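Visitor: Chain by chain, the residues run as shown.
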Amino acid sequence: MDAALIPEGAKRCSFPKFTIGIAIVGAILLWGVFAMGLIWWKGLNQTNMNDYYGFAIWIWADLAVIAVGGGAFFTGLLRYIFKIDELKNIINFAVIIGFICYSSALLILAIDIGQPLRGWFIFWHANVHSMLTEVAFCLSAYFAVLTIEFIPNILENRQAQKVPFFHHLAHNMHGVMAVFAATGAFLSFFHQGSLGGVAGVMYGRPFAVREGLLIWPWTFFLFTWSAAAFGPCFTLLVTRITEAVTRKKLVKDNVVHLLAKISGWMIVTYIVAKIIDTIYWAMVTAPSLGFTLSHFYTNNSFYGYWILITEIVLCGVIPGAILIMKSTRENSKLRLIAIILGVIGVCLNRWVMVLQIMAVPVMSFDTWALYFPSWQEIATTILPIAYGIILIALAYRYLPVFPQEQELNPVEPATEVE
Amino acid sequence: MKQENNKAYKFGMVIDLDKCTGCGSCMVSCMSENNVPFKEDESKKKDSITWMRVYKLTNGKSFPDTEVVYMPRPCQHCGGKGDHGHSPCVSVCPAVATDYGYDTGIVSQIYTRCFGCRYCMGACPYHARYFNWWDPKWPEGMENYLSPNVSPRMRGVVEKCSFCYHRYQAARDQAYAQGNKDEIDEENYQTACTTACPSGAIVFGDLNNPAHAVHEIVKPDPHPDPRNKHVVGKSRNPKVFRLLERLGTNPKVYYLSEREWVRKAGDNYLDGEWDKIKNHHGATLSND
Amino acid sequence: MKVDRRSFLGLGLGAAAGIAVSPIGMKLTDDSSIWTQNWPWTPVPVDGEVTYENSVCSLCPGSCGISVRKINNRPVKIEGLAGYPINDGGACLHGIAGLQYLYDPSRVKTPLKKNGDKFEEISWDDAIAIVAAKLADIRKSGSAEKLACIADKEQGSVSGLFKRLLKTFGSPNFYTMPGLESYLELTAETLHGEGQTIAFDLENASFVLSFGAGIIEGWGSPVNCFKANASRKERKAKLYQIEPRLSNTAANADKWIPVKPGTEADLALGICAVILENKLFDSPATSSFKGGLNKFGALLQKEYTPSKTAEITGVNASDIEKIATLFANAKMPLAVFGKGRGDGAQSLKELAAVHILNCLVGNINKKGGAFVQPKLKYLEFADESMDSIAENGFAKTKAAPYVNQLIEKVNESSQPVVEALFVYNANPCHSLHDAKKVKQALGKIPFVVSFSSFLDETAMEADIILPSHTFIERLEDVPSCAGLAKSVVGLTKPVVEPLFDTKNPGDAVILIAKALEGNIAQSFEWETYEECLEEVAAGIWDSLSEDGFAIISEEVPSESVPVNISLLANNPATVQAQGDFELTLIPIDNMRLISAGISVSPFAIKTVSDKVLKGKDIVVDINPLTASGLKDGGVAMLTTPIGTARVIVNFNEGIMPGIIGMVEGLGHTFDNKYVSNKGININALIGPVIESGSGLDAAFGIKAKISKA
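Chains as they are written, first to last, in this note's numbering: chain A, 62 to 479; chain B, 153 to 440; chain C, 6 to 714.
Because the hints were derived from the structure by calculation, they are not lab data. If you're wondering where the values come from, they're calculated on a predicted model, not measured in any experiment. Some hints could be false.
[As the list claims (entries may be wrong)] Pairwise CB distance ranges, derived in the manner of DEER restraints:
1. C:P379 with B:E192: 46 to 52 Å
2. C:D637 with A:I443: 47 to 53 Å
3. A:N392 with B:S214: 33 to 39 Å
4. B:K289 with A:W429: 30 to 36 Å
5. C:V640 with B:I262: 42 to 48 Å
6. B:S214 with C:E587: 17 to 23 Å
7. A:L274 with C:V640: 41 to 47 Å
8. C:V640 with A:T359: 24 to 30 Å
9. C:D287 with B:S214: 35 to 41 Å
Note that CB positions come from ideal geometry on N, CA and C, so glycine has one too.
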């Protein structure tokens with residue numbers, strides 16, 4: 062039925078099957094949209110946030126999707142600036158994932174603020190001292206870049222290609238993509254960093270605050286570095302999932318191995334920096350404010366040392382080690398474990414840098430504040446996932462996302478139906 | 153602020169915790185003065201707008217050695233690190249909806265500017281900032297007591313204690329009307345909590361003005377603390393302390409207590425640290 | 006032109022691009038944010054001319070001067086009145102929140118008549134006519150004495166009018182709710198003779214020994230007490246607080262002396278024993294003691310040695326001796342009685358035992374001591390016109406000495422003890438012990454008239470409600486009492502026109518009297534209450550109307566007063582808590598709540614800790630040592646001999662083991678979602694225990710058990 066739109070030489074599941082799949086995920090999406098409507102209509106009282114948890118699950122989701130969406134800018138940087146040519150076989154997909162992540166992030170921000178209709182005040186009345194202002198500017202600009210990066214891929218759709226203008230536009234855009242990749246990398250450096258800065262500059266919160274370089278706290282650099290390190294893990298993970306769902310190999314192993322290797326070395330360097338940062342914070346910064354490390358990890362029913370160890374060792378050191386060693390990296394099972402751990406690790410880091418900050422008491426007579434999201438928060442947090450699945454499904458079905466697909470999956474020439 | 157001869161005030165407060173009885177007058181006076189709304193269930197304290205909140209502190213000892221003290225906590229009107237006006241909240245607000253008044257030392261909040269990102273709340277370690285999770289609603293007829301001096305806040309914005317800024321404006325207008333541009337009288341500008349306190353535990357005034365009672369009690373040290381360059385305005389009165397002074401937030405709300413455990417509860421200390429620094433007050437040796 | 010898919014697409018894209026570059030988008034974005042800044046459902050208070058009006062708050066016996074800020078004649082804020090002789094600028098939270106009572110949508114807005122289970126609105130004329138007709142019937146049937154009245158207090162012209170109505174009607178049955186002033190008068194009468202009352206010079210005392218008096222919990226005249234307490238530091242005065250829990254007063258005191266509840270009298274007597282034994286008393290003062298000082302001394306030496314007292318009270322013997330010595334040697338010692346706010350249940354033995362300490366150390370009528378002085382008298386009512394029914398009826402003995410026994414008698418008797426009841430400024434169905442029984446009694450009374458401004462628990466039981474103005478809308482004389490060293494009469498003035506179809510209760514009484522005709526109407530010849538007040542308070546009217554208050558006395562009384570200790574010398578029994586469970590439930594007076602009369606305001610309840618009220622659950626304090634099997638913050642069932650309630654447990658190191666503390670003033674059941682149906686009323690868990698001899702309800706608590714729910 063939709064065969065005319067499907068890339069030439071690619072085999073796709075039947076349209077009804079596809080529709081059913083989309084409908085199932087679409088139902089979840091609608092649930093999320095309903096919750097979003099409730100929140101916009103009735104206000105943030107629909108959440109379980111409170112005056113202690115002004116930042117909660119959404120901000121975590123926001124930071125997490127931006128972190129894992131970091132695969133787009135970093136892969137783009139490697140592909141177009143460092144000219145690592147193999148990566149052209151995964152760059153389209155990295156861009157799509159990035160696009161999903163960043164559009165989700167913007168949507169979450171629009172839900173999260175108390176006065177969505179005044180959201181543009183962040184640009185109009187911008188406070189240049191605020192990390193959030195920097196986030197807003199860079200995030201919006203980078204989303205525009207991602208859109209530009211995504212467009213040529215869309216225009217490669219079989220029907221679009223028939224329009225000469227689109228055909229030439231796509232071609233020419235490819236030609237100048239290096240400029241956008243560079244812009245994207247620059248913007249990403251700043252907004253990933255300033256998201257880290259959001260936490261690091263809160264000098265009223267000893268759990269969050271970090272010293273740094275000039276106006277940038279160390280979390281600024283750690284966030285950028287971790288996004289670059291773990292973003293490719295997410296790209297690889299989603300590729301692997303897509304391969305599993307489509308029961309097809311879509312990207313050649315050498316490409317995967319290369320990206321995994323780069324990611325591995327990035328993780329290792331990041332985790333060394335993170336360990337140094339943690340030790341310095343635990344031994345110098347926090348004590349200078351009167352806090353011992355145990356203050357942050359005891360006397361409550363959730364946040365124990367386990368979270369620190371899980372984040373740094375289990376989901377940092379281990380995936381880094383697996384990915385830098387050829388033998389383990391090229392073992393598909395171990396590699397999968399590593400990239401899963403890596404994705405969990407960076408998400409956990411963002412969790413800690415949002416929710417644990419809110420949970421830790423600062424005044425000596427204050428108490429730990431724990432929180433559990435309302436269903437509306439959960440639904441709106443799942444919403445981007447459903448949206449992402451649908452967008453990936455559509456892109457995969459109708460766009461030539463994976464240049465190596467046909468080579469890896471040769472098929473009989475498709476019968477023209479229309 | 154382009155007015156000439158505009159002298160910089162530094163309004164601040166000192167609260168005598170030995171006098172405070174925890175009676176709640178300051179809280180209600182504040183609510184009534186500032187059109188603070190109320191809702192059916194206000195027992196969830198993490199979702200209950202109280203610009204002035206009174207904390208109950210205990211010394212943690214068991215019966216019968218338990219002691220209790222009440223600690224009223226308005227917005228601390230932090231001067232930020234080095235007292236340069238970069239308060240934890242002001243420096244993070246992306247839309248300049250909260251700002252530091254260099255002429256008064258008051259941290260303002262512009263409700264119509266705020267778009268409810270709540271970053272300021274996360275940045276404030278005192279939990280002095282409150283979000284309007286709900287539309288403010290008054291039972292029919294009760295909106296009649298709302299004061300025109302303070303706008304009721306709409307849903308979705310952050311609010312907090314303003315040191316009754318409208319009273320400052322009124323006092324300034326009065327001073328101008330009387331041809332006295334430079335100086336507003338101490339008694340002409342007092343916050344609603346100060347005047348309501350039946351125990352006289354709250355003293356409010358200009359920390360820069362040696363004639364004001366608050367200055368007399370606090371004796372703020374104008375020099376940075378040699379142990380922590382971010383800390384400015386430390387009290388030279390050994391019984392006076394600030395909340396979380398070590399963070400360098402430089403609050404303009406000071407507390408007074410004869411009880412050592414109370415002063416210690418004002419901040420966080422590593423084991424043994426308190427005994428070393430408990431008698432350290434101000435950068436210079438107090439000779440006044 | 007052929008409109009195909011492509012051109013349609015092109016047109017759409019073109020239009021979208023056109024709109025995007027036009028100013029429409031920006032305009033809409035701007036407009037939508039301006040709309041959020043002016044949401045029509047967020048009120049915008051109207052500005053206008055600012056005026057201030059002075060008045061006096063009559064929410065509690067404190068009688069503080071207030072200043073009401075008005076905008077265009079619309080009251081917007083209540084503050085303490087600077088320069089007022091009682092509170093000099095300070096104010097309590099309930100007074101500051103006073104406008105929430107004025108504007109309360111659940112006020113009684115017009116006279117109501119009970120019809121079945123519901124109230125229907127009626128006119129004042131009809132309401133007065135119904136009341137008058139009913140009363141006339143009662144009078145005609147020869148049982149005039151069966152008209153009773155429960156008011157909050159004896160003092161003041163409105164109570165005076167109620168008393169006058171009852172007297173001319175032919176009934177002696179005027180009752181007041183328990184209140185500190187009534188205890189002060191009873192104690193004075195017992196120890197010093199009739200017509201006296203007691204006041205405490207807290208502002209000057211150098212050593213205050215408080216037997217549970219919540220000096221900063223709303224005891225006496227609250228703001229005045231706050232001020233006296235706050236000045237303690239500068240005066241270098243000491244406060245020792247004796248009570249089973251670390252109340253705010255205890256926490257603020259120089260020393261907290263935990264004592265087993267109900268043994269305060271024994272501790273006071275134990276201290277007396279040390280003072281007598283060690284000859285620390287003031288000999289000239291004790292020389293005038295009557296009623297058996299030797300007998301008293303012998304009793305103390307036998308029964309109240311430090312070790313015996315220690316055993317009874319839980320205060321160790323050396324502390325008892327130390328306290329006695331400190332107290333007796335202080336320059337201006339002062340022993341203060343009246344547990345909590347002083348308006349709950351009290352035992353006369355305890356009141357007398359504490360006050361005798363003042364007598365022993367000779368601080369009566371001395372600066373910083375206890376003042377024994379004649380009751381405040383500034384009202385001069387002309388003689389009533391009495392007919393024979395009035396004479397006969399009024400001469401009969403009261404149905405019961407105190408309101409508690411009246412309730413008991415109504416419940417027990419098969420004959421109607423009371424045919425008609427007036428309730429003014431009181432909410433016995435919530436404030437008296439065993440609230441359920443009180444409600445039952447009111448149900449048995451054929452005709453109940455409430456003068457309440459609110460549909461409180463008692464008004465709900467009424468047949469007719471004649472709604473009163475709130476204190477913001479009415480004129481009234483407000484005498485200070487409640488142990489205040491100064492005698493001041495304040496004038497509450499109407500600050501605003503009445504919002505609803507309500508009346509000054511004085512006017513309502515005058516209207517009823519006029520409708521009853523005959524001698525009763527003749528005794529109420531004023532056209533209005535205002536005219537009446539001006540006449541009966543003529544002696545101080547000039548200063549009342551000009552200054553807003555009149556100081557009756559502020560000097561230390563100079564008279565020496567006799568002391569009669571026969572009550573104590575006869576070793577009266579100490580009241581025991583009802584029941585035989587292991588633990589004891591005691592009430593807690595919390596400044597942020599109101600235990601008697603009106604309910605708390607929305608603002609005030611907002612200040613209440615989540616360790617007191619959590620959602621709809623009341624939180625009880627219990628020492629962790631006593632809390633075996635319970636979880637801090639967990640739900641538990643609390644059982645007393647008269648009731649069971651679901652509570653949340655709060656482990657508190659500031660309460661003696663074996664005690665459960667529960668706040669008073671919660672658990673209202675009327676229609677106001679902000680303050681009602683929150684927690685439970687402790688008076689539904691504690692029953693009255695009548696002290697033999699005095700007839701007072703002296704239930705300081707009740708035996709209880711608590712278990713995990």
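Visitor: Against this structure, judge whether each hint is valid.
Guide: Hint by hint, here is what the structure shows:
no.: 1; hint: C:P379 with B:E192: 46 to 52 Å; result: 49 Å, holds
no.: 2; hint: C:D637 with A:I443: 47 to 53 Å; result: 36 Å, violated
no.: 3; hint: A:N392 with B:S214: 33 to 39 Å; result: 59 Å, violated
no.: 4; hint: B:K289 with A:W429: 30 to 36 Å; result: 32 Å, holds
no.: 5; hint: C:V640 with B:I262: 42 to 48 Å; result: 44 Å, holds
no.: 6; hint: B:S214 with C:E587: 17 to 23 Å; result: 21 Å, holds
no.: 7; hint: A:L274 with C:V640: 41 to 47 Å; result: 53 Å, violated
no.: 8; hint: C:V640 with A:T359: 24 to 30 Å; result: 27 Å, holds
no.: 9; hint: C:D287 with B:S214: 35 to 41 Å; result: 40 Å, holds
Hints 2, 3 and 7 from the earlier list are contradicted by this structure; the remaining hints agree with it.
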